Amino acid sequence: MILLEKRKQTSQFWTYVTPILAVVLTMIFGGVLFAILGKDPVLAIKTIFWDPVFGEFAFYYRPEVLKKAAPLILIAIGLSYGFKAGIWNIGAEGQYIIGAICAVGVALSFYPTEGRWFIFPLMIVAGIAGGMIWAMVPALLRVYFKTNEILVSLMLVYVADVLIKAFSIGLMRNPDGHGFPGSRNLNDYPAAANLELIAGTGLHWGVIAAIGVVVASYAILARHQFGFHVRLTGESPRAAGFAGVNANRLIMVCFLISGGLAGVAGMFEVSGPAAQILGSFPSAYGFTAIIVAFLGRLNPIGILLAGLLLALTYVGGSAAETAMNIPSATIQIFQGMLLFVLLSVDVLTDYRLRWVARSGGV
Amino acid sequence: MDINPILLAAAIMVASTPILLAAIGELVVERAGVLNLGVEGMMITGAVVGFIAAHESESATLGFMGAALGGAAVSVIFGLLTQFLLTNQVATGLALTLFGVGLSALVGQGYETTTQVPVPKIPIPVLSDIPIIGTILFRHDAMVYLSLLIVAGVFVFLTKTRAGMILRAVGENHDAAHALGYKVRRVRMMAIMFGGACAGLGGAYISLVRVPQWVDNITAGTGWIALAIVVFASWKPWRLLLGAYLFGGVTALQINIQAEGLDIPVEYLSMSPYLATILVLVVISGGRAPGSLGKIFHASS
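So the protein lines, in turn, are chains A and B.
According to this note's numbering, the stretch in the first sequence is residues 1 to 362, in order.
According to this note's numbering, the stretch in the second sequence is residues 1 to 301, in order.
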């Protein structure tokens, strides 16, 4: 039988190899799933992962990948700090929605005033603030009442979900929309629109922000004391205490970062690709970003790559939906499977496999 | 305002049943020292499997059995990963939820508008004729009674039986339990599967009785509320009952108020179960979690 033997040190080799191994294994499992659904597995995998980037219509798909990767990366980077320190903000989806609502609130209150130089930045501030406020609830309750932050942050996702639906048919409904739900289309309001900076590239302000955040985060984690404290708390909370890390402050800061980034991701999304507040606005980026964070090893560069890959599954998934009639839910399963497989193969980073002749019981 | 308190109490019983079923399963899992955050995923799997099984066989009983099997089946994935591949339980539970939501959406395609299989009410003879209490407690379908029986059974199991004590020992200190020769992984796998089956039943109760139809995301966070109830109950079965009925109360009252057309916007009412959960988590911070809850067990001898 196979025994697991704890390594003395985390394996550097497997740390980098397991994410790739996980992606390959997930593709194989995904292929099996497609075969069960009666679709050609090889063609399906190619349609999802290859064609959007290298295929005939890549010029159309590539910008889409960038647009979807930006919010995923922004949110995942934010989450990575907390996850490293063992602080679980699972409600990024809610913070993302509230960020979007706040940003639209600012835009609509100035409509139709010109003045992009102050309206657009103000929307960014509102998005960040909205996400932060929403994230502060679980953080404060955790610090002052020892309430479980996982459950509170999650409950607030459902509350945010109710709010966005209520606003899209109530407070923020487009007065010129003939009674249809949904706010004004921000893409038609130049002062608030987050359009492509260079047409046809998918490059909007959210993409630039995402790149900036990756770079900043890399610097903070590698060089700044805060990054050290985060890592230390994750590896040994007791040692962190001795080193003078204020655990409560760390919780607050981690939630502020993840909430703010999720909120600003919502702002860029609602003013750009989504264009308006609508009940169906959330694309579950807040949850997918959790997968991105883990797949990227909670490392900024890793998250950048993982974000692009998961964005590819969205874009390729919808391409496969139209081309091969593969149900869109398959992509969700695929993403869940990816996290499963990744966590499983992760065992190799901390343990080595040993073959033993005789079994010694469970 | 014209809400009949007796009918409301009976409605609370029905509204609480899915939460109660999922929560009692999770309670056993957590008492064994495992934190399975995938309750929502197992519930929704049970909801879709139960609905399809009931629809295809035209038997509610087979539907619920299918749901229990479905919930247990996906919980095995969680068990294998956390117990044998030593994965992080928080992350694995989340993966299970993401996976379950996707799986149910895929499997449930084409079943969105089908007719339902009735789940008959079984009034208990004599008892159901007692005024007031009879209507509240004894005129329900079999699943309501079963959920109460499971809670009682779990209480007896945990406090009065040897197997239950072993399970608690495993949850309190897995290294000590292992040293005494108990099979930590085997106990935990069984607990996880029990939790999965209960969550599956709870999910099917939503899709077969509460709503009753299949739509994507039908459980809408009930699994997460069930997790909160376990904390609220301080891992004690009887307090679980109180917690579940409290939440059933909020849900049922909210639906009643909506139906009454009171001057409170609908959307703010539908937030109330989630806000109530947060409130309860804040107020109730007591209770000690099982010692080994969420920790990875690796026998390194």
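No wet-lab data here; the hints were simulated from the structure.
Values in this document were obtained by computation on a predicted structure and should not be read as measured data.
Think of the CB as a built atom: it goes at the ideal place given N, C-alpha and C, for glycine as much as any other residue.
There could be a bad hint or two in this list.
[To be verified] Some chain B residues close to chain A (C-beta under 10 Å, calculated; not the full set):
{"no.": "1", "residue": "F78"}
{"no.": "2", "residue": "A91"}
{"no.": "3", "residue": "L96"}
{"no.": "4", "residue": "P125"}
{"no.": "5", "residue": "L127"}
{"no.": "6", "residue": "P273"}
{"no.": "7", "residue": "L275"}
Consistency of the hints with the structure:
For B/F78, the shortest C-beta to C-beta distance to chain A is roughly 9 Å, which falls under 10 Å, so the interface hint holds. Satisfaction of the interface hint for B/A91 is found here, the shortest Cβ-Cβ separation to chain A being roughly 6 Å, below the 10 Å cut-off. Checking B/L96 against chain A by beta carbon gives a least distance of about 8 Å; that is within 10 Å, so the hint holds. With a cut of 10 Å, the hint placing B/P125 at the interface with chain A is violated, because the nearest CB-to-CB distance is about 41 Å.
Because the closest C-beta pair between B/L127 and chain A is about 37 Å apart, greater than 10 Å, the hint is violated. The criterion of a C-beta within 10 Å of any C-beta in chain A is met by B/P273, whose closest approach is roughly 8 Å, and the hint holds. At its closest, the beta carbon of B/L275 sits 7 Å from a beta carbon of chain A; the interface hint therefore holds under the 10 Å criterion.
Of the hints listed earlier, those the structure fails to meet are numbers 4, 5, in rising order.
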